[in-house]
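If you read the sequences in order, they're chains A and B. Just so we're aligned, residue 1 is where the first sequence starts under this note's numbering, counting upward by one. Just so we're aligned, residue 1 is where the second sequence starts under this note's numbering, counting upward by one.
Among these hints, one or two may not hold up.
When the alpha-carbon atoms are kept at most 20 Å apart in a straight line, the in silico SDA-like pairs for lysine to any residue are as follows [stated by the list, open to error]:
(1) Lys-183(B) - Phe-340(B)
(2) Lys-11(B) - Ser-28(A)
(3) Lys-11(B) - Gly-51(A)
(4) Lys-7(B) - Thr-104(A)
(5) Lys-347(B) - Phe-112(A)
(6) Lys-27(A) - Gln-66(A)
(7) Lys-27(A) - Thr-349(B)
(8) Lys-37(A) - Asp-78(A)
(9) Lys-26(A) - Asp-78(A)
(10) Lys-88(A) - Thr-173(B)
(11) Lys-11(B) - Glu-208(A)
(12) Lys-347(B) - Asn-106(A)
(13) Lys-7(B) - Ser-117(A)
(14) Lys-26(A) - Val-106(B)
Quick caveat, the hints were computed from the structure, so don't treat them as lab data. For clarity, every value in this text was computed on a predicted model and none was experimentally measured.
Spelled out from the first residue to the last, the chains are:
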Amino acid sequence: MIEVTNLYKEFILSKQQQKELNTTDKKSIAVNSISFKCEPGKVFSLLGPNGAGKTTTLRMLSTIFQPTSGSIKIDGIDAVQHPQEARKKIGFLTGSTGLYARLTPNELIDYFAALYSVSSSDLKERKDKLFTLLDMHDFQNKRIGKLSTGMKQKVSICRTMIHDPQVIVFDEPTSGLDVITAENIITLIRDCKQEGKTVIFSSHIMSEVDLLCDDIAIIHKGNLLYNASLEEFKNQMTTENLTTEFIKIVKESSNN
Amino acid sequence: MIFTIFKKELKDTLRDRRTFMTMIVIPVLIFPVILNLFVGVSESYSKESATKKVKIGIVSEGENSISKELKEIPKIIGDKEIISYKDTLSLIQDIRKDSLQIGLFVNGNFNLHLQEKTAAPISVYFNATEMGMQDRIGKLAGGILPYIFIAFGFIGCMYPAIDLFTGEKERGTIETLLTTPVKRWQILFGKMGVVVLSGLLAATCALVGLFLSIEVFKLVEDQALLAIIHSILSPSFIIALFALLFPLTIFFAGIMIPIAIYAKTFKEAQSIITPLNIVMVLPAMIGFFPGIKLDIVTACIPVVNVVLSTKELIAGTLETKFLILSFFIMIVLAISAIFFSYKRFDKETNVIQ
């Protein structure tokens with residue numbers, strides 16, 4: 001379960017950034033008091049155009065960023081007050097995630113398991129299960145730098161799941177991947193849902209959202225524009241498909 | 001957790017070819033190459049000296065056999081030309097013009113002293129800047145050799161610092177590391193440990209190179225230089241060197257890490273740290289100059305104090321109170337550098353692209 005209440009984040013702008021953004025404001029609001037809830041066994045999708053504040057929100061959920069104000073609860077743990085405890089519950093995967101190219105998948109998984117304090121018996125069992133599931137046995141001892149994009153993505157998935165997290169945060173997980181490789185992520189999200197885990201993912205690919213999501217939230221310029229179930233969203237649509245409806249909502253918000 | 005991070009980062013670093021070259025291969029090779037060049041130059045200098053005719057000017061009262069005695073000195077020390085002068089004034093002028101190497105003024109009857117086997121009063125004139133070349137090379141080596149360890153301490157830190165901080169940011173791996181339940185200071189310490197170890201390892205490899213040069217490749221035959229190298233390879237020198245190098249490398253790492261955290265790309269970090277090399281390491285060359293000693297002022301100047309301490313340790317003139325002061329200054333700077341690095345690493349906008 002993820003509970004977000006009045007989450008707010010601002011960044012201090014340097015003079016260089018003020019120049020780049022063509023503004024005299026000394027602060028930039030990335031996320032403006034948003035609240036939502038992600039339930040276990042459901043997939044929650046955070047939608048929004050580039051620069052909407054999706055990544056900042058997910059970085060706050062996974063405790064990389066500290067919110068300026070507001071609260072985040074991960075499985076009942078206050079993630080702002082006790083980030084270390086909250087991190088044990090979270091698995092984090094982004095489309096741009098890099099891996100240590102000079103390590104082998106085996107070494108990388110062992111390293112992350114150690115960082116999450118996974119016991120050696122749990123590690124052996126989970127590694128065996130995930131390596132078989134993702135068909136990783138053949139390349140487990142090759143340097144990651146020499147692996148294909150698809151293989152690397154499998155290693156990333158395994159790294160995300162090795163501590164058996166209850167909450168999974170995906171930040172545009174399929175961006176830049178071909179359909180076959182992206183399929184691994186789609187399968188993973190489905191499996192997590194079936195296992196009763198809480199899944200939140202950001203995307204702007206509406207076909208993925210339609211395929212996987214139970215609940216959606218649309219954010220734009222840091223503000224929450226819409227938050228309901230996908231079914232409700234479809235019922236109130238005034239355009240012919242999800243993509244055009246999404247564009248319509250964002251445009252209306254920009255005009256207001 | 002610090003050790004888990006340290007172990008992984010060390011493995012990762014040792015597998016990086018570029019870091020491996022600057023940390024191990026180049027430091028091991030530097031002394032054999034330098035000493036080989038030094039021996040080559042030294043030999044050609046000796047050969048040139050051997051073929052050079054030594055002109056000796058003599059001013060003496062009346063007839064005496066000093067010229068004959070001088071001519072009888074074996075030819076092995078070189079050809080000689082004995083020139084008689086009427087007064088010491090013209091003799092000194094010729095020495096200044098470099099047309100004469102040695103001038104002798106024999107006061108009294110040389111033959112009488114020779115017969116009585118008593119000491120003859122003879123004044124010797126020479127150009128002091130031409131003499132004692134070997135001695136001056138020895139003194140210079142005493143300053144340069146420890147300086148090389150310091151330079152490698154810096155260079156050894158450079159690539160790991162950039163790779164473990166900027167590189168991790170550039171490759172997008174830092175984000176996942178920060179989502180693990182490890183405290184940021186633990187991540188910083190684990191990584192910093194590898195940066196410091198790399199600096200120390202590079203300096204150690206340079207020391208190994210020096211050992212190989214004289215014990216395995218037998219590159220040095222010059223006794224004065226050999227004496228200096230032996231004093232560098234003595235346990236007391238090695239202990240003192242590493243006691244000073246340890247806080248110094250932490251200081252280097254503590255300066256490089258905030259830059260590496262701030263930089264967005266490997267190239268940007270490299271373009272800031274490389275000139276820093278000149279700013280940090282070149283002023284230490286002040287330690288080469290004769291007359292500059294370790295005192296209350298120089299002991300407070302980082303890097304310079306380490307060069308002067310090691311230089312005076314070789315010369316046997318080191319005062320313990322200044323060594324302790326140098327060590328204390330370096331420890332204070334190292335702690336400040338760690339604190340500064342922590343502040344930068346804790347700032348989220350610095351760590352994430």
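Quickly compare the C-alpha distance for Lys-11(B) and Glu-208(A) to 20 Å and report which way the hint goes. Violated, at roughly 39 Å.
Is the hinted pair Lys-88(A) and Thr-173(B) satisfied, with a Cα-Cα distance of at most 20 Å? Within the cut-off at roughly 18 Å; holds.
Need the status of pair Lys-347(B), Phe-112(A): alpha-carbon distance at most 20 Å? Distance ~23 Å between Lys-347(B) and Phe-112(A) Cα, so the pair is violated.
Verify the proposed pairing of Lys-26(A) with Val-106(B), using a straight-line Cα cut of 20 Å. violated (88 Å)
Is Lys-11(B) close enough to Gly-51(A), meaning Cα to Cα at most 20 Å? This hinted pair is violated, its Cα atoms lying about 37 Å apart.
Compare the distance between the alpha carbons of Lys-7(B) and Ser-117(A) with 20 Å, and conclude whether the hinted pair is satisfied. Roughly 15 Å separates the two Cα atoms, so the pair holds.
Just to be careful, I want the Cα atoms of Lys-11(B) and Ser-28(A) compared with a cutoff of 20 Å; is the pair within it? At roughly 40 Å apart (the allowed maximum being 20 Å), Ser-28(A) and Lys-11(B) break the hint.
Below or equal to 20 Å on CA atoms is what counts here, so check Lys-183(B) against Phe-340(B). holds (17 Å)
Taken at face value, is the distance from the CA of Thr-104(A) to the CA of Lys-7(B) at most 20 Å? Holds. Lys-7(B) to Thr-104(A) sits at ~15 Å (cutoff 20 Å).
Has the given pair, Lys-27(A) with Gln-66(A), been kept, meaning a C-alpha gap of at most 20 Å? With Cα atoms ~16 Å apart, Lys-27(A) and Gln-66(A) stay inside 20 Å; holds.
Restraint check for Lys-26(A) with Asp-78(A), where alpha carbons must lie at most 20 Å apart: violated (30 Å)
Need the status of pair Lys-37(A), Asp-78(A): alpha-carbon distance at most 20 Å? holds (14 Å)
In the structure shown, a violation is registered for the earlier hints numbered 2, 3, 5, 9, 11, 12, 14, in ascending order.
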